[in-house]
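*Asks:* This is what each chain is made of:
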Amino acid sequence: AQSVAQPEDQVNVAEGNPLTVKCTYSVSGNPYLFWYVQYPNRGLQFLLKYITGDNLVKGSYGFEAEFNKSQTSFHLKKPSALVSDSALYFCAVRDGGDTGKLIFGQGTTLQVKP
Amino acid sequence: SAVISQKPSRDICQRGTSLTIQCQVDSQVTMMFWYRQQPGQSLTLIATANQGSEATYESGFVIDKFPISRPNLTFSTLTVSNMSPEDSSIYLCSVLGPVGGSGEQFFGPGTRLTVL
Numbered sequence: 001a002q003s004v005a006q007p008e009d010q011v012n013v014a015e016g017n018p019l020t021v022k023c024t025y026s027v028s029g030n031p032y033l034f035w036y037v038q039y040p041n042r043g044l045q046f047l048l049k050y051i052t053g054d055n056l057v058k059g060s061y062g063f064e065a066e067f068n069k070s071q072t073s074f075h076l077k078k079p080s081a082l083v084s085d086s087a088l089y090f091c092a093v094r095d096g097g098d099t100g101k102l103i104f105g106q107g108t109t110l111q112v113k114p
Numbered sequence: 001s002a003v004i005s006q007k008p009s010r011d012i013c014q015r016g017t018s019l020t021i022q023c024q025v026d027s028q029v030t031m032m033f034w035y036r037q038q039p040g041q042s043l044t045l046i047a048t049a050n051q052g053s054e055a056t057y058e059s060g061f062v063i064d065k066f067p068i069s070r071p072n073l074t075f076s077t078l079t080v081s082n083m084s085p086e087d088s089s090i091y092l093c094s095v096l097g098p099v100g101g102s103g104e105q106f107f108g109p110g111t112r113l114t115v116l
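Residue numbers (my numbering), protein chains in the order written: chain W, 1 to 114; chain D, 1 to 116.
In short, the hints are calculated from the structure, not lab data.
Honestly, I wouldn't trust all of these hints.
Computed list of chain D residues with no C-beta within reach of chain W, every gap over 10 Å [said to hold, decoys possible]: (1) Gln51; (2) Ile63; (3) Ser69; (4) Ser81; (5) Glu104; (6) Pro109; (7) Leu116.
Subject to a maximum C-alpha distance of 27 Å in a straight line, what follows is the list of computed BS3-like cross-link-like pairs (lysine-lysine) [claimed, not checked]: (8) W:Lys22 x W:Lys113; (9) D:Lys65 x D:Lys7; (10) W:Lys113 x W:Lys101; (11) W:Lys101 x D:Lys7; (12) D:Lys65 x W:Lys101; (13) W:Lys58 x W:Lys77.
Note that the coordinates shown come from a computational prediction; the quantities given were computed from them, not determined experimentally.
All C-beta atoms, glycine included, are put in the ideal place defined by N, C-alpha and C.
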């Protein structure tokens, strides 16, 4: 069965510092991996995805993520955090088929302090 | 990217009543889904809305409680039936597509439901 784990409920970082939000996954086939962000009282916004190709994926708002097959991880990163990055971040996985069904992690709250 | 709208954006309902949520997409999409996000929780897939046939429900969700329609490639409805306070959640429509697109999955703004 597919699963996604986000081991940290909350990540705190100072503005201007690099940030990492962790995600590990388990799938039976080739993974399709996604990161979404949810701001308070708003829907989910797509940040980036990994389907195939380069292990380093660049996405919206300066975020990037690194796919590591041996560690089954897909950590979200940003070189310099902004206060406006404070939000709830979800990692999700879809198996390589066309079912379209996304399995979400439990979410990580990112708090960027000035 | 697909633009998704949901109606209503929020509602407060009485126990025992039903609410129908609409999802409209601005382009034809291959697949549509309904998710639930309970307070402080992650998203859980309720069902896949299939065009012209019965929806495919995930474990723990049944058609009598969450009937779904999808009459065409751009529109779907989810009904939350015989509501109880435990149904208080955000309900999100999601689409895969549009047709011929890159396989990204997009989410609507959600419907925030409170059941008293």
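*Asks:* Of the numbered hints stated previously, which ones are contradicted by the structure, given in increasing order?
*Replies:* 5, 6 and 10
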